[in-house]
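Heads up: the protein sequence lines correspond to chains A, B and C, in order. So for the first sequence, my numbering puts the first residue at 1; every next one is plus one. So for the second sequence, my numbering puts the first residue at 1001; every next one is plus one. So for the third sequence, my numbering puts the first residue at 2001; every next one is plus one.
You may find that some hints are simply not true.
Below, computed lysine to aspartate or glutamate pairings styled on EDC-like, alpha-carbon distance capped at 16 Å [claimed, not checked]: (1) C/2062 - A/370; (2) A/372 - C/2127; (3) C/2181 - C/2127; (4) B/1074 - B/1057; (5) A/247 - A/219; (6) A/185 - A/246; (7) A/372 - C/2070; (8) B/1074 - B/1046; (9) A/182 - A/127; (10) C/2181 - C/2107; (11) C/2062 - A/50; (12) A/318 - A/288.
Quick caveat, the hints were computed from the structure, so don't treat them as lab data. Treat the numbers as computed from the prediction; the structure is a model and nothing was measured.
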Amino acid sequence: MHIIENGNVAAALGVKLCHANVIAAYPITPQTPLTEKLSEYVEAGEMKAEYIPVESEHSALAVCIAASSAGARSFTATSANGLLYMHEQVQWAAGARLPLVMCVVNRAVGAPWNVWNDQQDSISQRDTGWMQIYCSDHQQIIDSVIKAYWLAEKVSIPIMVCYDGYILSHTYMPFDVPDQEKVDKFLPPFRPDYALNPEDPANLNTVTLPDVRMDVKGELAHGYMEIRYLLHEEMRTSLTVAAEGEKRFADIFGRGGDPYLEPYLCDDAQYVAVGLGSMTYQLRVAVDTLRKEGVKVGVMGVRFYRPFPDEAIANALKGKKCVIVYEKALSYGYEGALASDLKSALYEHLAGTGKLPVVQNFIAGIGGRDIKTDDLTQTLRAATKSRVSIQPVWIGLKI
Amino acid sequence: MGTRNYRRKTSHSEHGPGDGGRTGSWRVERPVLNKSLCIPCKRNTEACFICWLLCPDVVISRTIPPEIDLEYCKGCGICAEECPTKAITMVDEAKFSEDDKDKE
Amino acid sequence: MNKEFIEIRWHGRGGQGAITAAKIVAGAAFVSGYSGVVMAPSFGTERRGAPVMTSLKLSREKIYDLSPIETPDIVVVLDHLLLAEADVTCGLKPGGVIVLNTPKAFESYKFKGYRLATADITAISVEAGLPHGMVNTGIIGTLAKATNLLGMDILIKGIEEEFRTRRPEKNSLAAKIAFEKTVVGG
């Protein structure tokens, strides 16, 4: 059933369809309406969930960690400095191997204060062991929340479902709300290997030695290093599991396909723009303009940022003349995070093959500065003509 | 001509009128002072000035009579609420100059 | 006006209901063959009474570009006092339409190069039985008369659905009266 609503409502509906039963609530612009919508569903009896208002984002994630450890399907949402405030717990949840789903409604980080969109918040968490999915429209938001619970619970790794603050969270567009029956078919109830239980007590995530040791049953238990290795290894194999999930979703709901990438006119393209989130859709307009001028250009949205689909990306960009990475975040002191990761993937797979493209990096929309489609077109056109710069170029800067 | 030579590297907001724009346009009600009830006016001495003290936007002057800067007064009504002699009343903004509101 | 892709910018005040009005028009457009609709409010800190803009894009195809409208085809002004506070015709395409709620006569305005539609929606809403100041449904009637973009019947249905628990008939009546009383010209 199609409705016209904003991105926050799309996310809230996704959480409702997944029967999340613990919601930790703390407000922050621009995700607050999502959290408020969930409170309406719970109040109206449409969701049977414990709705727990907390006093900070750190506590919000702590509540989710505890609830998930006890077997509840948990949810919280945050943005920017809220995400940063819970950072310690973000690291914790990954190391604790809990299948949390958290919506991060992308917003710029302070200082200085800024409530508008960029992606520095979630990008700054890329090393934590959480998976990250970036959505480009409301259909992807609601579908990704559902896919995220399935994937997280399959591999016991938490996932951030990220979407652009204001540009998607507060903008209204039509999307299909999946049938509850179909969601129930796709997503079984949460059945963890172990859930905190007085009948079978355990102490979770205690001090773990650098080395392996014998446990009380005489078996060799992991050291810290093995536990962390498993997180990494299973995050890598999640790429395959995500593809299975994507296929299952497509079979049941009739949409979806590529779990990692969303290409547009890339097959015969010599130049490919790459990005995360709604900007990649805006780049389609720039691509269309340049195609009319005879430039063989395409754009590719990256959906999974972690685990990084390095092989898929290298295969998609193999032999292209130039890859132009547009980002709303960066690793200060070096360059755009996606550009770095992408170059690393290209190098890994294509060095010495003669098919290694040149990569250029543009930074745009920091702190919510409007990204004009015309600027995207002009910079893309320039990049197809020559190497603009080795260092990232900031679009729309007024310094 | 950009901001490269701005004197600060950070967001550093200093006091001074107008940083939030012409906030007087936010008003729905305007404070009006009745000097015959106002303590400093009646006694011609520096006394009371509670309105000046409590105005959150510092738009009332510590003078005889106190003067309200209507460019920035938002019409919050705290001065009227706190004046011990009820010398200030809040009046519907629409009652004032209908003419200069209708500019095309 | 290119009926395949239309950009409408709404000028209102925080709390006046511009978003709701745009949402109703978006919904009506969606069921009338505009499968691409995107509606975006002013992004940022909010305050009752502050001038705000809402942008509404309508297209026969899915809309991929969510960036702010630069050259609207239509501007809707929910309150004539905004003419002094916001540059409502900024970027308006030549021959574009201005939809204006004003108590003043149509003839008192001179917008060269644009079409104008006026109605005293503030008074019309009261006539329809709504509280003073609820102009966001009446203005839909004026928009319909001025642009002939969408059928009144579909818009009325949208209004009554959106306001189903809040005086639906009075709200749709405001739109109907506004439709009749709107003066279009230029």
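A quick look at each hint next to the structure:
About 21 Å separates the Cα atoms of residue 2062 of chain C and residue 370 of chain A, which puts this hinted pair outside 16 Å; it is violated. Taken as a hint, the residue 372 of chain A and residue 2127 of chain C pair is broken in the structure, with Cα atoms around 44 Å apart against an allowance of 16 Å. Of the pairs offered as hints, the one joining residue 2181 of chain C and residue 2127 of chain C holds, with about 12 Å between alpha carbons and a cut-off of 16 Å not exceeded. Our distance criterion of 16 Å between C-alpha atoms is met by residue 1074 of chain B and residue 1057 of chain B, whose separation comes to about 8 Å.
At roughly 38 Å between alpha-carbon atoms, residue 247 of chain A and residue 219 of chain A are farther apart than 16 Å, so this suggested pair is violated. A threshold of 16 Å between alpha carbons decides the hint, and for residue 185 of chain A with residue 246 of chain A the separation of about 14 Å falls inside it, so the pair holds. Only pairs whose Cα atoms come within 16 Å are accepted, and residue 372 of chain A paired with residue 2070 of chain C is accepted, the gap being roughly 9 Å. Of the pairs offered as hints, the one joining residue 1074 of chain B and residue 1046 of chain B is violated, with about 25 Å between alpha carbons and a cut-off of 16 Å exceeded.
Simply put, residue 182 of chain A and residue 127 of chain A have alpha-carbon atoms about 34 Å apart, too far for the 16 Å limit, and the pair is violated. Of the supplied pair hints, the one linking residue 2181 of chain C and residue 2107 of chain C holds, its CA atoms being roughly 15 Å apart against a limit of 16 Å. Restraint check: the Cα-Cα separation between residue 2062 of chain C and residue 50 of chain A comes to about 38 Å, which exceeds 16 Å; the hinted pair is violated. With a C-alpha separation of about 22 Å, the suggested pairing of residue 318 of chain A with residue 288 of chain A is violated against the 16 Å cut-off.
Hints 1, 2, 5, 8, 9, 11, 12 from the list above are not met by this structure, while the remaining hints are.
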